[in-house]
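Below, each chain spelled out in residue letters.
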Amino acid sequence: MIPCASIILAENRDMTTKHHTTPLQILGTFFVLMISWLVWSGLYKPLLIALGVFSCLLSLWLAQRTGFFGHAIPFRSLLRLPALWYWLLKEVVKSSIDVARIVLSPSLPISPELVELTTTEKTDAGKVILGNSITLSPGTVTIDVDEDRLLVHCLTTESADALRSGEVERRTARLEIT
Amino acid sequence: MIEVALDILSWILLCLGGAFVLIGGIGALRLPNFYTRLHAASLTETMATILIFTGLIIQAGPSLAALKLVAIMVFLLLTAPTASYALANAALQSGVRPAADKRDGEL
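Chains L and X are the protein sequences, given in the same order. This note's numbering numbers the first residue of the first sequence as 654 and each following residue consecutively. This note's numbering numbers the first residue of the second sequence as 536 and each following residue consecutively.
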């Protein structure tokens, strides 16, 4: 029996990192936010546009406070995102059918397993993308992240083995290759 | 002709999505503990989301509404795993032990 404390990888780590925000980042983010506002609202009255500018500025301030700019991922990574999404979609379909079959079979053939992954992702954003990619496909849920280790709960031994093969890790790592 | 085919396709997707929501619900009831139930929940929040929104996008046709539906789907798919993680991590921190049959050796 493993005491619970050893499972918990990290507690109350200091997340605040000092980072210099360039004016270009702020302007770029404001531009994207404002375009989104205009597209979503579809109304171009002065009052509504003024409210939009106010909302965007508020969002920028909140983003700054939560350290968004220090963790932003480079633009070229975004261009590689569709390839990752396409692969993830196939994985989600496959594992959804597996989990649905398990849930519906009378014997409920589950074999829960904990897997500890070691990742080579250096940035926080990279770890978040990896963790979320794992959680996204049914059958595997990331339950803890600390430094370079991820704790993943798997519904079956097969899903745990698929995770150990490290394919998710390789696919998400491709986002950061320059 | 093409409209009818698209209509049928979108209804197939919507019905499949509904079925996955139902299976997720059944799973949440049948599975034995917190962490395994989380897997059933992720069935509804990813697979069902994708199927239902794709169905709705086909129904909406090429329009601003379709673009908004795509955006909502992307937002849901980005936030759902984050919410799952927050839930699972909160349970872990407050001492709910994952009842796993076996566990990898300590690193």
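Hints in this document: simulated from the structure, not taken from any laboratory. Where hints are given, some of them may not hold.
[Claimed, not checked] Computed cross-link-like contacts, DSBU-like style, restricted to lysine-lysine with a CA-CA straight-line distance of at most 30 Å:
{"#": "1", "chain 1": "L", "residue 1": "K743", "chain 2": "X", "residue 2": "K603"}
{"#": "2", "chain 1": "L", "residue 1": "K747", "chain 2": "L", "residue 2": "K780"}
{"#": "3", "chain 1": "X", "residue 1": "K603", "chain 2": "L", "residue 2": "K775"}
{"#": "4", "chain 1": "L", "residue 1": "K698", "chain 2": "L", "residue 2": "K747"}
{"#": "5", "chain 1": "L", "residue 1": "K747", "chain 2": "X", "residue 2": "K603"}
{"#": "6", "chain 1": "L", "residue 1": "K743", "chain 2": "L", "residue 2": "K698"}
{"#": "7", "chain 1": "L", "residue 1": "K780", "chain 2": "X", "residue 2": "K603"}
Hints, one by one, checked against the model:
1. K743/L / K603/X: Holds: K743/L and K603/X sit about 24 Å apart, inside 30 Å.
2. K747/L / K780/L: holds (23 Å)
3. K603/X / K775/L: violated (34 Å)
4. K698/L / K747/L: violated (47 Å)
5. K747/L / K603/X: Since the Cα atoms of K747/L and K603/X sit roughly 27 Å apart, the hinted pair holds (cutoff 30 Å).
6. K743/L / K698/L: Violated: K743/L and K698/L sit about 44 Å apart, past 30 Å.
7. K780/L / K603/X: Holds - the C-alpha atoms of K603/X and K780/L are around 28 Å apart, at most 30 Å.
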